[in-house]
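Starting from the two chains in their separate frames, assemble the complex, guided by the hints.
Sequences listed follow chains A and B, in order. Just remember that the numbering used here sits 1 ahead of the position in the first sequence, which is counted from 1. Just remember that the numbering used here sits 321 ahead of the position in the second sequence, which is counted from 1.
Just so you know, not all the hints are guaranteed correct.
[To be verified] As a list, the in silico DSBU-like pairs of lysine-lysine whose alpha-carbon atoms are at most 35 Å apart:
id, chain 1, residue 1, chain 2, residue 2
1, A, LYS424, A, LYS306
2, A, LYS309, B, LYS441
3, A, LYS597, B, LYS417
4, A, LYS306, B, LYS521
5, A, LYS215, A, LYS254
6, A, LYS458, A, LYS509
7, B, LYS367, A, LYS333
8, B, LYS577, A, LYS597
[What the hints assert, rightly or not] So the derived list for chain A, only partly shown, Cβ under 10 Å to chain B, looks like this:
id, residue
9, GLY285
10, TYR300
11, VAL320
12, VAL322
13, SER328
14, VAL332
15, LYS333
16, LEU336
17, THR348
[As the list claims (entries may be wrong)] Computed Cβ-Cβ distance ranges for the label pairs, DEER-style:
id, chain 1, residue 1, chain 2, residue 2, range
18, A, ASN258, B, ASP481, 49 to 59 Å
19, A, PHE540, B, LYS480, 28 to 38 Å
20, B, VAL509, A, ASP594, 21 to 31 Å
21, B, GLU550, A, GLU353, 45 to 55 Å
22, B, ASN510, A, ASN236, 40 to 50 Å
Bear in mind the hints are in silico, worked out from the structure with no lab data behind them. Every residue gets a Cβ at the ideal spot worked out from N, C-alpha and C, and that includes glycine.
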Amino acid sequence: MFKKISIKLITVVSATAVLIIGVYSYYNIKSQGDVLQAEVERHINQLSESVKNSTRYVMLLNQREHLQEMITRIGKDPNIYNVRILNKEGAIIYSAVKDDIGRMLDKNAESCYACHAANKPLEKLPIKDRTRIFKSSENGPRVMGVINPIDNEKSCYDADCHAHPQNEKVLGVLDVTISLADVDEQIKQNEIRELIFALISISAIGLIIWIFLKRWLDKPVKELVQATDQVAAGNLNYIIKNLSNDELGTLGKSFNNMTKKLDETSQQLYQSTKMASLGQLAAGVAHEINNPLTGVLTYSSFLLKRTKDNPQMQEDLNVIVRETIRSREIVKGLLDFARQSTPKKSTIDVGEIFNRALTVVNNQMKINKIALIKDFDESLPKITADANQIQQVFLNLLVNAIDAIGDNGTITVRTSQVNLPPKGTMQIKKAVCPKTHNLIDSEYKIGGFPALRLKIKLNGNEGFVHIDPVYGSHRHYFGISGGINNNVKLSCPVCDLSVLDKVNKCPKCGGPTYKIQIPNQGYIEGCAAFKDDWQRWEFIDRTGESKFVEIDITDTGCGIPPEIQSKIFEPFFSTKGQRGTGLGLSVIWGIVDNHKGTISVQSDVGKGTTFSIRLPQNESVR
Amino acid sequence: MNLASGKKNILIIDDEQVVIDSISKIAKESNFSFDSVLDAASALQKISSIEFDLIICDIMLPGMDGFQFLGALESKGIDTPVIMTTGYSTIENAVKSLYSGAIEFIPKPFSIDEMTSVIKRGIKYNYLQRIRKSNDKSILLVPCPAKYFRLGYSSWMNKDLDGSVLIGATNFFIKTIEPIRKIELLDVNEILTQASSAVKFETEDGLIHQLYSVISGSILARNERLLKEPELLEKDPYFDGWIYRLIPSELEYEMKLLIPCSSDRT
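Looking at chain B on its own, in the form it has when it is part of the complex (with noise of 0.2 Å):
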C-alpha cells in the first residue's frame, strides 16, 4: 500500500461557489486533487463511492448542517478527517467542531497560507491514521497519558494538584507538522481563551501551524527549553514537553468539552 505518494483526493463542500473555487484553487496550488459539493448530503453521495483523503466542510449549510454531517460520517463509520469552515467564526462553533469529531477549524475569510497549512496537516492525518491502523511499526505514535484530556486531537491538558494545568500538544499532532523550524511563544500572563491560537510552529516549507488552547486561562509559565530544543516536543510530548502552565478561568464549563484520553485505549 502506498500511503505516502500518489495524488490525494480533496472533498470541498460549500454553498458558495466562490468559496469553493477559492479552495479548490489552493488544493491545486499544492498539487491535490479535488471534488466538490455544494450540500451535505450530496457530499454523504460522493463519500459512499469515492475515497477521499480530506473533507473540508461547511458549517452553515442548506439542509443538513456541518455538525450533521460530522454525525452521518461518524455513524457510518467513516473517519476520513474533517475541516470545518465558516463564516460565522465564534468560539463556540470552533469548539463544538473539535468536539464533534473535525480535527481542524479555520474561520473564513483565510488567506493561502492558513488553508495551505491545514489542508497539508489534515493530508497527514490521514495518513498516519491509515499507517496506525495498517499495524506498521515504521511509525509509533505516542498515546496521550489516560488521566489526560484532548481538544480535538492536537492538544492535551492535564489539572495539577496545586489546580494549575498544563498544557501542551499531542504526539500525533507534532507527527503531522513535523520537522519544526521555530516555535512562538506567548508571554507569561496572557490569557488564552479556549480554541484561540496559543502556540505558532513554523515548518521547513515556511507554513504556519497553530496549536488551539485546550482551555481558558491567564499563563503563569511557559516552557523556555522548548525554545531552545523544540525536538523536546517529540521525545517527551506528554511531561518534558509540556508548553504553558495555566491557571484556569472556566475549567469546570470548558471541561465537558473536551475528550478523555482514556477513550483512545479501546
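The shape of chain A in the complex, shown without the other chains (with noise of 0.2 Å):
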C-alpha cells in the first residue's frame, strides 16, 4: 500500500491538512460560539435595564400587584426564561413563576454568588460579572442570567410608602434569565457545517494531488517501467511516446535515447555476426558443389565433343553443360554475396545486370506462372557502380516480389532517366572554417546524415546551431533560445573565426549571410539570420541537376500494409518467418545508400508493391 509514492505524498498532505483545518476549524467554531454568547449577554444585560427603568415608577407607587402583572407579563416571552425580583434577605418576591414567589434563596445560590462570594456583600458589582450561565436542570437547555442590583436613592426612601429606610445602599436584586437553546442550537449548526467543510475540503486536496500525481508522475512511471520492460524483453524499437517537459519527461527522452544507441550497436553486432556465419555457410556450400560440378562438366563436355555427329544429343547435352555453367555462377553470386566485399566499381549498363540476376529466378518464376514485362530505356546510360552488388540488389527484390504474388502474376521492370535538382538532394559531406577546422559534427545528425556545427551568438547568448547538411533543406536545430535576428554571429566552434559574409546581405531579407567553404567544391552561402530559405552553393548550381538512372521493379502481389512500410528496410525485419533472414531489404538499402543512391516504397495493399531504386549516373570512381 505503501510502496506508491503518490499514496505516500497523498497521506502526508491529507494529514498535514487534517491538523491545519482541524485547528483552524476549532478556533472558528469557539470564536463564533463566544461572539453568539456575547450578543445574547449584550441583549440580556439592556432586557434587564429595560425591566428595571420601566419598572421604577411602580415600585415608587408601591402598587405591587401591578409588579408582578408587569413580570408575570415580561415573563411571557418565549425566550426569557425567568424574571424575577429578590430581596435584600434573598427571598423572591415577584417572579414569572408565580410558584417561585416567597422562596427563600441560599446565598451560595448561582445568583447570589457573584456577590456573596465573600463573607460581606459587595454593594457594587461590575457589569461584566453580573452575568451567570448555568443549566436549568439535568438535561434541560443552557440559561444565562443577569443580576441587577436595585440601589437606594433619593426618591427611594422618600416616597410615601416608607418601605425603604435612608440607610440601605442595595434594596434588592432584579435577575432576569433567558434560555441559551436557541444559541445552542446554533453552534451546533456551525459546528456541523464546519465539519462537512473540513471532510470536503481534505478529500478535494487527496483527490486533485491524485488526479495531478496520476498524470504527472503515475503515468510517466508506468510508461517508463513498461519501455524498460519491453527493452528487457528484448524489443530495442520500443520509444516512449507522449514525453512531457518535466524531469521525468528528460528521462524518458535519455531513455529512448539510450535503447536508440542500443538498439543501433545490437543491430551492428548481430548483423556482423549474422554475416559472418552467413559466409561461412556460403564458402562450405561454394566448396561442397563445385566439386561435383567439375565432374558433370567435364564429363558432359567430353559427351559433346564425342558425340558430335549425333545433333540430337548435342542438343541434350549442350542443355547440361550450359545449366552446369548457371550453376556455376549461381554459386559464385552466393559467394559474393557472402563476403561483404568493398564495392568494386566498375561502368555497367544496368539492363544487362538485371538480366543476369533473372537468370537467377527464372524458373522460379517459370514455375509460379509469373509473366514478366520489361520496360528498358533503350538509351539508358551506363552507370558507375559494382556489378555484383547491384545484381544481388535486383536479385533480392525479384525473390521478394516472386514471394509477394505467390502463383499467378506479373512483374514490370521499367528503367528511365531522371534529372532531380542539387537542391534537396546534394548533401554536404565536408566542410571547414577559414582556418580549416572541420565543422561536420558527426555525432548529431538530420535527416541522417551529420549535419554542420556553427557557433551562435546574439544578445550576449552563445550556444550551438546545426545546419541541415541537405542543400536546400532547412531542418536546422537552433541550441539558443529566442528568435535570431540581424545581430547574429556566427562562428568556428574550435577557433571562434567568423563565418559571417562582411560583403554579401541575403537577397530575400537583406540580413547577413554565411559563407562556408566546401573543400573542393567551392563555397555554400545562406542566410544567417535564417528569417527565409535563401542559400547557394555556386559549385554545385554549375553543375546543374543531377542525373539519374531509375528503376522500378513493381509486382501484382499482396503489397505492404502502411503500417510495416516505413520498418522493411530495417535490420532483421522480415514478414517471412521462419523462411527469411530479414537482413535482404536492409542489405539493398546498405547497397543502394553506398552508391549515393536512394530506393523507397509504394505499395497497395492487394494490388501489389513497386520498389524504385535511383542510381546517381556521374558518380566518380574512387
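Pasting the structure below:
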C-alpha cells in the first residue's frame, strides 16, 4: 500500500490538511460561539435595564400587584426563562414563575454568588460579573442570567410608602434569565457545517493531488517501467511516446536515446555475426557443390565432343553444359553475396545486370506462372557501380516480388532516366572554417546525415546551431532560445573565427549571410538570420541537375501494409517467418546508399508493390 | 636431353575422386600421362621417387593444405610448376596461390578448354624452365626490369611518375603461349580487380589463355597497337609491348602480394 509514491504523498498532504483545517475549525467554532454568547449577554443586560427602568414608577407608587402583573407579562416571552426580584434577605418577592414567590434563596445559589462570594456582600458589582450561565436542569438547555442590583435612591426612601430606610445601599436584585437553547442550537449547526467543510476540503485536496500525481507521476513512471520491461525482453524498437516537459520527460528522452543507441549497436553486432556465419556457410556450400559440378561439366563436355555426329544428343548435352555453367555462376553469386566485399565499381549496364539477376530466378517464375514485362529505356546510359552488388539488389527484389505474388501474376521492370535538382538532394559532406577546422559534427544528424556545427552568438547569449547538411533543406536546429535577428554572429566552434560574409547581404531579407568553404567544391552561402530559406552553392548549381537512372520493379503481389512500410528496410525485419533472414532489404538499402542512390517503396495492400531505385549516373570512381 | 618431346607426366592432388577423374580425362585427351593422390603428404612421397612435369593441386586438402604443400616443395628445392585449383574461388585465394609460388590458379568447376589451356601453359613453363637451367642459348628469356613487380610469373606492373601504373605480360608468359593469333582487350574505364582476367589471348590451337591483372584499378588507356601487331608483345614486352595504363585503387595493399623483379637476378 505505501509502496507507491503517490499514496505516500497523498497521505502526508492529507494529514497536514487535517491538522491545519482541524485547528482552524476548532478556533473558528469557538470564536463564533463566543460572539453569539456576547450578543446574548448584551441583549440580556439591555433587557434587565429596561425592566428595572419600566418598573421603577410602579415601585415608587408601591403598587405591588401591578408590578407582579408586569413581571408575569414580561416572563411570557418564550425566550425569557424567568424574571424575578429578590429582596435583601434573599426572598423572591416577584417572579414570572408564580410558584417561586416567597421562596428563600441560599446565599450560595448561583444568582447570589457573584456578590456573596465574600462574607461581606459587595455593594457594587461590575457589569461583566453580573452574568452567569448555568444548566436549568439535568438535561435542560443552558440558561444565561443577569443580576441587576436595585440601588437605594432618594426617591425610594422619600416615597410615601416608607418601605425603605435611607441607610440601605441596595434594596434588592432584579434577576433576568434567558434560555440559551437557540444559541446552542446555532453553535451546534455551525460545528456540523464546519465539519462538513473540513471533510470536503480534505477530500478535495487529496483528490486533486491524486489526479495530478496520476497524470504527472504515475502514468510516466508506468510507461517507463513498461518501456524497461519491453527493452529487457528484447524489443529495442520501443519508444516512449507523449513525453512531458518535466524531469520525467527528460528521463524518458534519455531512455529513448539509450534504447536507440543500444538498438544500433546490437543490430550492427547481430548483422556482422549473421553475415559472418552466412559467409562461412556459403563458403562451405560453394566448396562442396563446385567439386561435383566439376565432374558434371567435364564429363558432359567430353560427351559433347564425342558425339559431334549426333545432333539430337548434341542439343541435349548442350543444355547440360549450359545449365552447369549457370550453376557455377549461381554458386559464385552466393559467394559474392556472403563476402561483404568493398564495392568494386565499374561501368555497368543496368539492363544487363538485371538480366543476370533474372537468370537465377527465371525458373522459379516459370513454375509460379509469373509473367515478366520489361520496359527498358534503350538510351539508358551506363553507370558506375559494383555489378555484383547491384545484381544482388535486383535478385533480392525479384525474390521478394515472387514471394509476394505466389502464383499467377506479373512483374514489371521499368528503367528510365530522371533529373533531379541539386537542391534537396546534394549532401554537404565536408565543410571547413577559414582555418580549415572541420565543421561537420558526426555526432549530430539531421535527416540521417551529419550536420554542420557552428557557434552562434546573439544578444550576449552563446550556443550552437546545427545546419541541415542537405543543400536547400532547412531542418536546422538552434541551440539558443529566442528568435534570431540581424545581430547574429556565426563562428567556428574550434577557433571562433567568424564565418559571416562581410560583403554580401541576403538577397531575400537583406540580413547577414554566412559563407562556408566546402573543400574542392566552392562555398555554400545562406541567410545567417535564418529568416528565409535563401541558400546558394554555386559550385553545385553550376553542375546543374544530377542525373539518375531509375529502376522500378512492380509486382502484382499482396502488397505491404502501410504500418510496416517504414520498417521494411530495418535489419532483421521479416514477414517471411522462418523462411527469411530479414536481411534482404536492409542489405539492399545499404548497397544503394553506398552508391549514393535512394530506394523507396510504394504499395497498396492487395494490389501490389513498386520498389524504385535511383542510382546516380556520374558517380565518380573511387 | 629431349625436353620438347616425350610423354609429359602430371600429378593430380585432390581429395575428391570425381575431380581427379575429370582432370585426368582432360590430361589424357591432350595426350599426357598422369598420376593422382588424395592428399598432399602422399604427393610429397610420390614426388621424391617420380619426376613430374606439372602438379595440379587442390587448396582445401585433408591434413596439409595446398599452401603448405607449396611451402614444402620450396623447402625441398623442387621447382616443378604447380597449378592451384579450388571450389572456394576467391580473389584472396588466387592472389595467395600466385604469391606462394603457384604458376596458375583455376577455379572449380572448369571447362575442358580452360583446364587444357592451363595445363599446356604449365607444361610449356616447365620446358622453358629446364632449358633456362641447362644454359641452352637457343631460347632467350628476356628478364623483367629490376624496378618492376610481377604477379606470379605471368604479368608485370610498373609505377609511372604520374602515379598511373603500366601493366603487361612477361616474356616468360608470352613464350608459354606463342604463337598468338588474337588479342582481346577490355575497354577503357573498365575496372580491373587484382588476379581477375584482364586479357584474353587466342592461340593457333584455338585455346583461350587469360592474363591476370597485376593490381586493381580503372583502365586509363590501352595499347591499341597490340591489336594490330601482337608481335610487339614478344619484341618489347616491358616497354612498347605494355597492355594497359591503370589508375590504381589499392596499390599499397596489393603491392605487398607482388614479387619484385629484382629478386629474379640472383
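Checked hints:
| no. | hint | in the structure |
| --- | --- | --- |
| 1 | A/LYS424 / A/LYS306 | violated (62 Å) |
| 2 | A/LYS309 / B/LYS441 | holds (24 Å) |
| 3 | A/LYS597 / B/LYS417 | holds (33 Å) |
| 4 | A/LYS306 / B/LYS521 | holds (23 Å) |
| 5 | A/LYS215 / A/LYS254 | holds (20 Å) |
| 6 | A/LYS458 / A/LYS509 | holds (22 Å) |
| 7 | B/LYS367 / A/LYS333 | holds (34 Å) |
| 8 | B/LYS577 / A/LYS597 | holds (31 Å) |
| 9 | GLY285 | holds (9 Å) |
| 10 | TYR300 | holds (7 Å) |
| 11 | VAL320 | violated (15 Å) |
| 12 | VAL322 | holds (8 Å) |
| 13 | SER328 | holds (8 Å) |
| 14 | VAL332 | holds (8 Å) |
| 15 | LYS333 | holds (7 Å) |
| 16 | LEU336 | holds (7 Å) |
| 17 | THR348 | holds (5 Å) |
| 18 | A/ASN258 / B/ASP481: 49 to 59 Å | holds (52 Å) |
| 19 | A/PHE540 / B/LYS480: 28 to 38 Å | holds (33 Å) |
| 20 | B/VAL509 / A/ASP594: 21 to 31 Å | holds (29 Å) |
| 21 | B/GLU550 / A/GLU353: 45 to 55 Å | violated (32 Å) |
| 22 | B/ASN510 / A/ASN236: 40 to 50 Å | holds (49 Å) |
In summary, the structure is inconsistent with hints 1, 11, 21 from the numbered list given earlier, while agreeing with the others.
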